[in-house]
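Residue numbers (the numbering used here), protein chains in the order written: chain A, 213 to 341; chain B, 213 to 341; chain C, 213 to 341; chain D, 213 to 341; chain E, 213 to 341; chain F, 213 to 341.
Just so you know, not all the hints are guaranteed correct.
Pulled from the structure, derived: some chain F residues nowhere near chain E, Cβ distances all over 10 Å [unchecked claim]: (1) Asp-223; (2) Glu-234; (3) Ser-241; (4) Asp-293; (5) Leu-306; (6) Glu-315.
Not everything, but these chain F residues come out facing chain E in the computed CB check (under 7 Å) [to be verified]: (7) Pro-214; (8) Asn-215; (9) Pro-217; (10) Thr-250; (11) Lys-279; (12) Tyr-283; (13) Ala-286; (14) Ser-287; (15) Thr-290; (16) Glu-297; (17) Met-312; (18) Tyr-333; (19) Val-335.
Label-pair restraints from in silico Cβ distances [claimed, not checked]: (20) Ser-225(B) with Ser-241(E): 34 to 40 Å; (21) Arg-266(F) with Pro-226(E): 52 to 58 Å; (22) Pro-226(E) with Pro-217(A): 36 to 42 Å; (23) Ser-225(D) with Pro-226(F): 56 to 62 Å; (24) Arg-266(F) with Asp-222(C): 31 to 37 Å; (25) Met-213(A) with Ser-225(D): 44 to 50 Å; (26) Glu-267(C) with Pro-256(D): 42 to 48 Å.
Because the hints were derived from the structure by calculation, they are not lab data.
Built from N, CA and C at the ideal position, the CB exists for glycine as well.
Number of protein chains: 6
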Amino acid sequence: MPNVPMVEYDDASPDVRAVFDEIRAARGSDQISVYWKTLAFHPPTLRRNWNAVRETMAPGALDPMTKELLYIAASVATNCDFCIEAHIAHARRLGMSDEMLGELMAVVALASGANRLGVGYGVEPSRRQ
Amino acid sequence: MPNVPMVEYDDASPDVRAVFDEIRAARGSDQISVYWKTLAFHPPTLRRNWNAVRETMAPGALDPMTKELLYIAASVATNCDFCIEAHIAHARRLGMSDEMLGELMAVVALASGANRLGVGYGVEPSRRQ
Amino acid sequence: MPNVPMVEYDDASPDVRAVFDEIRAARGSDQISVYWKTLAFHPPTLRRNWNAVRETMAPGALDPMTKELLYIAASVATNCDFCIEAHIAHARRLGMSDEMLGELMAVVALASGANRLGVGYGVEPSRRQ
Amino acid sequence: MPNVPMVEYDDASPDVRAVFDEIRAARGSDQISVYWKTLAFHPPTLRRNWNAVRETMAPGALDPMTKELLYIAASVATNCDFCIEAHIAHARRLGMSDEMLGELMAVVALASGANRLGVGYGVEPSRRQ
Amino acid sequence: MPNVPMVEYDDASPDVRAVFDEIRAARGSDQISVYWKTLAFHPPTLRRNWNAVRETMAPGALDPMTKELLYIAASVATNCDFCIEAHIAHARRLGMSDEMLGELMAVVALASGANRLGVGYGVEPSRRQ
Amino acid sequence: MPNVPMVEYDDASPDVRAVFDEIRAARGSDQISVYWKTLAFHPPTLRRNWNAVRETMAPGALDPMTKELLYIAASVATNCDFCIEAHIAHARRLGMSDEMLGELMAVVALASGANRLGVGYGVEPSRRQ
Numbered sequence: 213m214p215n216v217p218m219v220e221y222d223d224a225s226p227d228v229r230a231v232f233d234e235i236r237a238a239r240g241s242d243q244i245s246v247y248w249k250t251l252a253f254h255p256p257t258l259r260r261n262w263n264a265v266r267e268t269m270a271p272g273a274l275d276p277m278t279k280e281l282l283y284i285a286a287s288v289a290t291n292c293d294f295c296i297e298a299h300i301a302h303a304r305r306l307g308m309s310d311e312m313l314g315e316l317m318a319v320v321a322l323a324s325g326a327n328r329l330g331v332g333y334g335v336e337p338s339r340r341q
Numbered sequence: 213m214p215n216v217p218m219v220e221y222d223d224a225s226p227d228v229r230a231v232f233d234e235i236r237a238a239r240g241s242d243q244i245s246v247y248w249k250t251l252a253f254h255p256p257t258l259r260r261n262w263n264a265v266r267e268t269m270a271p272g273a274l275d276p277m278t279k280e281l282l283y284i285a286a287s288v289a290t291n292c293d294f295c296i297e298a299h300i301a302h303a304r305r306l307g308m309s310d311e312m313l314g315e316l317m318a319v320v321a322l323a324s325g326a327n328r329l330g331v332g333y334g335v336e337p338s339r340r341q
Numbered sequence: 213m214p215n216v217p218m219v220e221y222d223d224a225s226p227d228v229r230a231v232f233d234e235i236r237a238a239r240g241s242d243q244i245s246v247y248w249k250t251l252a253f254h255p256p257t258l259r260r261n262w263n264a265v266r267e268t269m270a271p272g273a274l275d276p277m278t279k280e281l282l283y284i285a286a287s288v289a290t291n292c293d294f295c296i297e298a299h300i301a302h303a304r305r306l307g308m309s310d311e312m313l314g315e316l317m318a319v320v321a322l323a324s325g326a327n328r329l330g331v332g333y334g335v336e337p338s339r340r341q
Numbered sequence: 213m214p215n216v217p218m219v220e221y222d223d224a225s226p227d228v229r230a231v232f233d234e235i236r237a238a239r240g241s242d243q244i245s246v247y248w249k250t251l252a253f254h255p256p257t258l259r260r261n262w263n264a265v266r267e268t269m270a271p272g273a274l275d276p277m278t279k280e281l282l283y284i285a286a287s288v289a290t291n292c293d294f295c296i297e298a299h300i301a302h303a304r305r306l307g308m309s310d311e312m313l314g315e316l317m318a319v320v321a322l323a324s325g326a327n328r329l330g331v332g333y334g335v336e337p338s339r340r341q
Numbered sequence: 213m214p215n216v217p218m219v220e221y222d223d224a225s226p227d228v229r230a231v232f233d234e235i236r237a238a239r240g241s242d243q244i245s246v247y248w249k250t251l252a253f254h255p256p257t258l259r260r261n262w263n264a265v266r267e268t269m270a271p272g273a274l275d276p277m278t279k280e281l282l283y284i285a286a287s288v289a290t291n292c293d294f295c296i297e298a299h300i301a302h303a304r305r306l307g308m309s310d311e312m313l314g315e316l317m318a319v320v321a322l323a324s325g326a327n328r329l330g331v332g333y334g335v336e337p338s339r340r341q
Numbered sequence: 213m214p215n216v217p218m219v220e221y222d223d224a225s226p227d228v229r230a231v232f233d234e235i236r237a238a239r240g241s242d243q244i245s246v247y248w249k250t251l252a253f254h255p256p257t258l259r260r261n262w263n264a265v266r267e268t269m270a271p272g273a274l275d276p277m278t279k280e281l282l283y284i285a286a287s288v289a290t291n292c293d294f295c296i297e298a299h300i301a302h303a304r305r306l307g308m309s310d311e312m313l314g315e316l317m318a319v320v321a322l323a324s325g326a327n328r329l330g331v332g333y334g335v336e337p338s339r340r341q
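Generate coordinates for the entire structure from the input sequences, incorporating the hints supplied.
Okay, structure coming up:
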């Protein structure tokens with residue numbers, strides 16, 4: 213159980229229900245995930261976060277698959293267990309293969325280790341050298 | 213100046229020089245970056261890290277551009293100023309446009325904010341629900 | 213179960229029991245939380261941490277509610293699931309409303325996302341510009 | 213110098229200039245900070261981030277001062293040097309005293325240390341106990 | 213259950229089985245931990261990670277116990293619950309006492325708190341002063 | 213320049229001067245580092261932090277060198293550039309060799325990378341399996 217009560221569709225206020233309807237339409241499913249039901253605890257956050265997801269993850273100079281991979285990478289780096297699981301599932305629905313996931317994790321692990329060497333040894337960006 | 217002395221090519225031991233030669237060949241440039249000259253402080257780390265970069269960043273199920281974008285995303289998330297600058301430069305050499313960089317940063321910022329909502333509200337992965 | 217055995221009040225050494233007594237008095241409850249029973253694994257850490265909590269969280273230029281909100285914010289940012297839950301409960305006892313919690317999470321999420329843009333784009337503090 | 217070119221007001225596109233005008237009005241100053249001039253590199257991110265700042269930091273159940281303190285706390289916890297400096301300046305303009313800043317830092321340091329004890333000893337939230 | 217299926221010894225490909233055999237020999241036990249069975253999802257990562265563990269954790273200028281303690285410290289600082297538990301177990305097999313573990317956690321907590329004071333107050337390394 | 217004014221010995225209040233005197237005696241030098249002069253901005257934090265350093269870093273079940281190495285490891289993992297530099301200097305004064313520093317960084321980098329694999333693949337501690 214999360215730290216705050218979840219809001220179910222049938223109990224939702226009109227503004228929360230409006231976001232839930234957009235999520236249902238975008239996902240092509242009547243189910244609302246635990247994440248969104250929890251965010252509905254604070255309706256302005258739900259609205260702002262959903263808008264940001266819709267705008268940011270839309271196709272642009274980067275395709276939706278690449279964006280999902282980047283989202284997973286950031287979530288692994290900043291420790292959000294739920295987010296990792298949820299966005300691995302999203303990426304799989306977009307066609308991410310096992311091999312792609314394996315290479316993604318390998319790059320994140322490589323960068324995380326190498327970052328520590330850069331930070332630990334005090335290597336500075338050129339603007340500070 | 214880093215926290216440890218850098219090793220210049222001309223002063224390098226044979227095993228360090230061997231790695232430097234591989235880096236020069238791979239980068240198509242005689243210049244060795246501050247990062248690698250600093251890592252040469254501990255030759256086994258230089259060798260291991262270079263091998264890992266070469267293997268992990270090579271084309272596979274993910275193309276080199278996608279891998280660079282993931283590397284940048286992980287470096288932004290874990291705060292390595294030097295790494296961010298260096299891998300933005302790598303990605304630009306592979307053809308990353310301004311728009312691609314802007315969208316990458318937008319996805320990382322989105323995920324970082326949304327991760328905190330997931331963690332703060334205590335949303336758990338399904339394996340723990 | 214934590215990674216180390218918890219110390220129950222009845223099995224506690226005198227120095228641990230002294231801290232437990234202070235916690236009971238401060239909390240107005242005989243119950244000792246899992247956190248403090250676990251910290252008792254290393255009595256000097258229990259003593260130091262409890263003293264620091266008592267001193268730092270006492271009313272000062274900032275009131276206890278504001279301090280609890282800051283504690284939650286820092287715990288969300290650094291991923292301590294237990295700490296988030298415990299300090300949300302503390303803040304609720306001090307009168308934190310749902311709306312206050314929602315706005316707190318919104319600010320932390322905003323800052324976390326915006327921080328990544330600052331770090332990713334390499335914006336420096338004025339002392340380094 | 214940041215990792216991307218900054219956009220000056222006079223060179224800005226109409227949509228960037230519109231955001232800059234809102235920032236100038238809100239801040240009561242013609243100066244645009246390095247942060248916003250850098251974010252203008254990707255106009256949709258500038259717009260989204262500015263909207264989120266304006267909405268999230270507005271007075272609500274928490275007053276603007278408390279929100280600034282929370283913003284500083286999150287920025288200290290996630291290592292954004294620029295953000296810390298900028299939001300300390302914002303909070304000072306709202307009347308933050310030296311003593312308030314000192315207590316803020318003390319709470320963040322306390323939480324950061326105590327979080328590591330919770331995580332290191334494996335103390336779980338009650339939903340998982 | 214992890215986010216990816218685990219590979220059991222009997223179902224493993226020859227290259228995975230080769231790593232598993234090395235782990236079994238090094239650990240003196242037929243059991244393969246959940247970690248390694250999960251890493252086998254992407255065989256090159258399994259191989260690279262195992263090689264790195266074997267080389268890096270071997271006796272050198274630092275003894276294996278000190279290396280395990282450092283590994284635990286880094287895992288506590290970067291929030292890997294599984295890693296903390298696993299490496300506490302490794303260190304205990306090498307003879308780590310309760311008192312050593314308590315002091316380790318105390319140092320990590322001290323550094324984590326003090327780091328936030330350094331970062332929050334903007335204390336710079338001497339190369340930037 | 214830090215985000216707050218530093219306190220020089222000659223301008224210090226008696227309680228700050230008392231801490232400075234203890235630091236001078238412990239370090240065997242009249243110089244007070246930038247870190248402590250900055251912490252003096254909030255005297256109770258200076259006092260609490262200095263006491264914690266003195267107690268925690270004293271010889272115990274772990275020797276002072278091992279404690280310094282752990283302090284460096286935690287500082288590298290949580291990104292405190294000043295702290296890394298300062299504690300590398302402390303450790304060198306205690307006799308840390310180049311090889312020891314190189315192995316320390318290698319272990320931290322290994323753990324940081326491997327932690328991401330554990331977190332990304334969702335490997336759970338045994339208490340949650």
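Hint by hint, here is what the structure shows:
Every CB of chain E is more than 10 Å from the CB of Asp-223(F) (nearest about 17 Å), matching its label as outside the interface. Every beta carbon of chain E lies more than 10 Å from that of Glu-234(F), the smallest distance being close to 16 Å; the non-interface claim holds. No beta-carbon of chain E comes within 10 Å of the beta-carbon of Ser-241(F); the shortest separation is about 15 Å. For Asp-293(F), the condition that its CB be more than 10 Å from all CB atoms of chain E is violated, with the nearest at approximately 5 Å.
Annotated as non-interface, Leu-306(F) keeps its C-beta farther than 10 Å from every C-beta of chain E; the closest such distance is 13 Å. Once the 10 Å rule is applied to beta carbons, Glu-315(F) is inconsistent with being away from chain E; the minimum gap is 5 Å. The restraint placing Pro-214(F) at the interface with chain E holds, with a minimum CB-CB distance near 4 Å, inside the 7 Å limit. Hint on Asn-215(F) holds. Least Cβ distance to chain E is approximately 4 Å, under the 7 Å limit.
With a cut of 7 Å, the hint placing Pro-217(F) at the interface with chain E is violated, because the nearest CB-to-CB distance is about 10 Å. Hint on Thr-250(F) holds. Least Cβ distance to chain E is approximately 5 Å, under the 7 Å limit. Contact between Lys-279(F) and chain E, as hinted, is supported at the beta carbon level, the nearest pair being about 5 Å apart and thus within 7 Å. Hint on Tyr-283(F) holds. Least Cβ distance to chain E is approximately 5 Å, under the 7 Å limit.
This hint holds: Ala-286(F) has a C-beta 4 Å from the nearest C-beta of chain E, less than the 7 Å allowed. Nearest Cβ of chain E to the Cβ of Ser-287(F): about 6 Å, under the 7 Å cut. The hint holds. This hint holds: Thr-290(F) has a C-beta 5 Å from the nearest C-beta of chain E, less than the 7 Å allowed. This hint holds: Glu-297(F) has a C-beta 4 Å from the nearest C-beta of chain E, less than the 7 Å allowed.
Satisfaction of the interface hint for Met-312(F) is found here, the shortest Cβ-Cβ separation to chain E being roughly 5 Å, below the 7 Å cut-off. For Tyr-333(F), the interface hint holds, since its Cβ comes within 7 Å of a Cβ in chain E; the closest pair sits about 5 Å apart. Interface hint at Val-335(F): satisfied, since its Cβ lies 4 Å from the closest Cβ of chain E, which is below the 7 Å cut-off. Taking 34 to 40 Å as the suggested C-beta distance range, the pair Ser-225(B) and Ser-241(E) conforms, at roughly 39 Å.
In this structure the supplied range 52 to 58 Å holds for Arg-266(F) paired with Pro-226(E), their Cβ-Cβ distance being about 56 Å. The hint said 36 to 42 Å for the Cβ distance between Pro-226(E) and Pro-217(A), and at roughly 52 Å that hint is violated. Judged by the Cβ atoms, the range 56 to 62 Å given for Ser-225(D) and Pro-226(F) holds: they are separated by roughly 59 Å. For Arg-266(F) and Asp-222(C), the Cβ-Cβ distance of about 33 Å falls inside the hinted range of 31 to 37 Å, so the restraint holds.
For the pair Met-213(A) and Ser-225(D), the beta carbons lie near 47 Å from each other, so the given range of 44 to 50 Å is met. Between Glu-267(C) and Pro-256(D) the CB atoms are about 46 Å apart, so this pair conforms to the stated range of 42 to 48 Å.
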